[in-house]
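K.L.:
Throw the hints in and build the complete structure from the sequences for me.
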Amino acid sequence: MSYEMIGIIVLWLFLYGYLIVASVDFGAGFYAFYAKLTNKDHIINQLISRYLSPVWEVTNVFFVFFFVGLVGFFPDTAYYYGQTLLIPGSIAIVLLAVRGSFYAFENYGSKKSNLYMFLYGATGLLIPASLSTAMTISEGGFIQETGEGVVLLTRELITSPYSWSVVFLAIVSVLYISSAFLSFYANRANDRKALELVRKYALFWSFPTIIASLTTFIALSQHNIEHYQNMIDLWWMFGLSLAFFSAAMWFIYRGIYYGCAFICVMLQFFFAFFGYGAGHLPYLLYPYVTVEQGATHEAMGLALVIAFILGLLLLIPSLYMLMRMFLFDADYVKGKK
Amino acid sequence: MFADSVAMSRALTSMTLGFHIIFATIGVGVPLMVSIAEFIGIKKGDAHYILLARRWTRGFVITVAIGVVTGTAIGLQLSLLWPSFMQIAGNVISLPLFMETFAFFFEAIFLGAYLYTWDRFKNPFYHWILSIPVIIGSTMSAVFITTVNAFMNAPQGFELNGRTITSIDPIAAILNPATPAKVFHVVTSAYLASAAILAAITAFNILKKRTNPYYKKALKLTMISTLVFALATAIAGDVSAKYLAEHQPEKLATYEWHFDTERGADLLLFGTLNEENEVEHAIRLPNFLSFLSFGDFNSEVTGLEEFDEELVPPLWIHYLFDGMVTLGMFALGIAMLYLISLRIRRWNEEHPLLLWLIIINGPLAMLAIEFGWILAEVGRQPWILRGYMKVAEAATTSPHVGWMFLLFLGLYIILGVIGVRVLRKLFKNNPVELELEQRFPHIAKKDDGQ
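If you read the sequences in order, they're chains A and B. Take 0 as the starting number for the first sequence in numbering that gives the first Met the number 0 and just add one per residue. Take 0 as the starting number for the second sequence in numbering that gives the first Met the number 0 and just add one per residue.
If you are wondering where the hints come from, they were derived from the structure by calculation, not from laboratory data. A couple of the hints might just be wrong.
Across the chosen pairs, the derived CB separations fall in these ranges [claimed, not checked]:
1) 45/A x 429/B: 19 to 25 Å
2) 280/A x 121/B: 51 to 57 Å
3) 150/A x 262/B: 52 to 58 Å
4) 150/A x 313/B: 29 to 35 Å
5) 366/B x 192/A: 49 to 55 Å
6) 45/A x 206/B: 36 to 42 Å
7) 428/B x 189/A: 31 to 37 Å
8) 209/B x 189/A: 41 to 47 Å
Using N, Cα and C, we set each Cβ at its ideal position, and we do this for glycine too.
P.N.:
Structure, rendered in structure tokens:
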């Protein structure tokens, strides 16, 4: 396999990782706020903060990894996306900054204020919405290359049904993934009341998730027929995704195997995300950047792959340790430590 | 100017870096101080030091959070504001950027573990060991990022024809001639500034008549560290000057207002320029510039006359250079004075005047860091990649940068104000004496008895 294929697969894996861990975090923020509004915060907020406290910083790193790696493996993307994403990118940074720092301020600083809860809940939905712009732009039709450089066609972006269906999909997926994870975590902590609540959320948001996936499919067929065709050729991946969705729903509905249910949710998104990504190839940005042409030079590609492998050898044991300490340590989860 | 995308890109990048560097510096230096304090605490069985480590860590987390989010901001802004530069940089110098992410990831994981496991281990050394990867991660982050900045000053490891880049050697790009001096200087000065700030906070508490032995120990630890790191920083500064003399003579010549190439060049301190660009009111140290540049009082130092006027940095950075060096020397002097007072029995190392000097030394050390970075960046003008690409060619062409500047200005004001308020509240509501009593009642009793 060529190193640029290795590169894009690795990056895609990281983006997938970010999709999962950040969704858990973003959704949890929204639920915490919602619970406060409906006076149910005593039921779930302790559970949420016990999980989030040790991992908030790790979540951010997945994202940084992705964009630093993207610029490294495919420097042309820095040029095209950098030129065009100034405004949505800056908004996303500000939202991420507000969210990250306020989280630390409140958590390590003082008591929870309502403004903080609101910001925490709102950014949880706005960040995925603004980040999804990059995905939308990658389909082409929203960027024009002129003599002076590349420009974003803002009006096309705002009026495109595809663009809005992606935003909608991003938001509902966040809520769905998060509630599925919290069900698992609540069950593990043996917290019946919290479990009842988050399980209901999971069941509720599953439906819009599937609807949004379908609308996005349809909107894509209108917007970028080539990508759509490629995805249809990979129908089995989306079939598997649907199968895992059904399995997850079955487990959660019956109230059994919450761990398996969450793994099914992860696999559901894994297949959908990789089906989408594989169909997108060879383009990183229709029609300007492809994986082959946009790739960095071989020497750098090789160096990055080596650095990546060495880095993983360092990180995997460390992450394992972190999870042993906080996620799978039953006493910690239950609040005894 | 608001509509000029190059000027606004520069302004926005300066603002982000100027704000981020405060927290990045603390992020590199404080973990080391925490680890030293905890180690002494465990070794001596002294709860005061353990508490010191705990309290520093608690404040540190707040600054880390701001450091993380502003670091993410600058990471993305590099691509958003300097897309053409990042296209080249991505090809040649992305390796250390990538490795920095690993270092940071490593740090983040262990910081999480360190924060939440104070009382979890029977053997306290296990907890202390968790601080080591945090130090390695944060310091290596600084090292990797600094190599990228070094590369911008002394690019190598590639060939550029038009916009095509060939013969890429990522390792040569990292190990460019500017790397050793810069890395050394950045790391030592970050340690210095962090120690100085922690010392300033402690001195402030002592001045407010807090008498617990906790403060005495904290002051001693932070001031000795200040001395050690100030010495290291001075050596690193000297190494940097020698690097500049050899590889970026126009930068050094601008720092020093050294116009004519000559042997036995004088070192200029302060001074002003008149309308004919002649130096007035300066203190001249004969032949010292030659000595500092090459270790020989008679060596030849290249002057600004040898360079195209368009390709040299603005002359005002001379003041920043003097300011940075003066503040560095100030830190060294204060730390020495403190240690001498500690040694001489009749002198009081907690004399209010000395405490005041230690207090102002904290913010001044951070100011020196700011000066240093402005110096490093403006001193490279007009280049973004010295000899290859100018700043003006690298910026985005988007007309909206001005608005983004305002957006981020608002963000940094909010983060700064709330960050300071949170930190103040954090320590005000939980004074040392109270925490000692809660966590280590026997020690608190002993302190009261003294």
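K.L.:
Does each hint fit the structure? Answer for all of them.
P.N.:
Results for each hint:
1. 45/A x 429/B: 19 to 25 Å: holds, 21 Å
2. 280/A x 121/B: 51 to 57 Å: holds, 53 Å
3. 150/A x 262/B: 52 to 58 Å: With Cβ atoms ~55 Å apart, the hint holds.
4. 150/A x 313/B: 29 to 35 Å: About 33 Å separates the Cβ atoms of residue 150/A and residue 313/B, which means 29 to 35 Å holds.
5. 366/B x 192/A: 49 to 55 Å: Holds: the Cβ-Cβ distance is about 53 Å, inside 49 to 55 Å.
6. 45/A x 206/B: 36 to 42 Å: holds, 41 Å
7. 428/B x 189/A: 31 to 37 Å: Once the Cβ atoms are compared, 33 Å apart, the range 31 to 37 Å for residue 189/A and residue 428/B holds.
8. 209/B x 189/A: 41 to 47 Å: holds, 45 Å
Of the hints listed earlier, there is not a single one the structure fails to meet.
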